[in-house]
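Each chain, written out:
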Amino acid sequence: MGAEMITIVNIVLLTMLCFSAVAIMLLRHLFAVAALTGAFSLLSAGLLVALDAVDVAFTEAAVGGGISTVLMLGTLALTQRREHRPPRFSLPALLVVIATGGALIYATSDMPAYGDPNAPALQHVVPVYIEGSRNDIGVPNIVTSILASYRGYDTLGEVAVIFTAGIGVMFLLGRRREDEDDEGMVRHGPGNDPESSEPEETAS
Amino acid sequence: MFIGATAALLVAMALTLIRAFAGPTLFDRVLAVNSFGTKTVLLIGALGFLTDRPEFLDIALLYALVNFIGTIAVLKFFRYRNLGLSSAESADREEID
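Heads up: the protein sequence lines correspond to chains A and B, in order.
Everything in the first sequence is counted per this note's numbering, starting at 4 for the first residue and increasing by one.
Everything in the second sequence is counted per this note's numbering, starting at 193 for the first residue and increasing by one.
Think of the hints as simulated: they come from the structure by calculation, not from any bench.
Note that beta-carbon positions come from the ideal geometry of N, C-alpha and C, so glycine has one too.
Fair warning: there could be bad hints in the mix.
What the hints assert, rightly or not - Here are some chain B residues pointing at chain A (derived, C-beta under 7 Å):
(1) G196
(2) L209
(3) G262
(4) I264
Claimed, not checked - Reference listing, derived: stretches of chain A covered by chain B, where coverage requires no fewer than 3 residues with Cβ under 8 Å from a Cβ of chain B:
(5) 17-26
(6) 40-49
(7) 129-142
Build the full structure now, drawing on both the sequences and the hints.
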């Protein structure tokens, strides 16, 4: 009974996901779109939980539901709040999208069933990991042993990339704050004291 | 019982989503999206108990926190048209406006 219910939940969540995607496309008010993308991320995170991909759901909720909503609102504060003109209807674009979607749907017929232990992806190195994880690495959690040991250099590279990206973002945002002192306050209206407008908290 | 709760939550989610799509004013949409997030939290909790894995409650807690931050950001933007000001500066601008 529980499994059937999970299937129903999946179907309902996917339907709502489709509807919110269409609504995001149709709405012209960008503020409402930013709010709806937050709901979209929460929906897909809930779907990922229902599919047992809990770690991905964590990331989706934190990044999609939390940070990107804030980032989009920050962008809206710097630009304008309405989409300029509705995009024109374009027949070639529609044909390309339909062809690509059809090809993808056709390709899913070759995919192994969900959770099939004989799927090709689970036949290559996965048995080695499962057999050797406890004795070779000594970590009870297989996912941890793969990430931290079997693919340790891979993870090190990823961490380096993310660290570099973080440094780049810090440089960009720090510069933005310094030269906003003069221009930014003029735009916001009269009566503001430019001296107290920007806290000097950025690390030099 | 959990099946009934899950079904009721799905219906409620659909209703709030409809309000978020149709909402005439922005406040309607913000409120609908916020309560939609709450429904998601509840749904994840109910799903955890439905599948006999109540450990999912941790994720539900994370969602609650994230949803809160998002709503705060939306409302701050709504009030001050800016996200970069500290609270003291926001209070200054409130007096000016």
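Structure-based check of all given hints:
Interface hint at G196/B: violated, since its Cβ lies 10 Å from the closest Cβ of chain A, which is beyond the 7 Å cut-off. Proximity of L209/B to chain A holds as hinted, the smallest CB-CB distance being about 6 Å (cut-off 7 Å). Proximity of G262/B to chain A holds as hinted, the smallest CB-CB distance being about 5 Å (cut-off 7 Å). Checking I264/B against chain A: minimum C-beta separation of about 9 Å lies over 7 Å; hint violated.
Interface restraint, the segment 17-26 of chain A with chain B: holds (4 residues with C-beta to C-beta distance below 8 Å; minimum three). Requiring three or more residues with a Cβ within less than 8 Å of a Cβ of chain B, the coverage given for the segment 40-49 of chain A holds, as 6 such residues are present. Counting residues of the segment 129-142 of chain A whose beta carbon lies closer than 8 Å to any beta carbon of chain B gives 0, which falls below the threshold of three, so the coverage claim is violated.
Hint violations for this structure: numbers 1, 4 and 7, all remaining hints satisfied.
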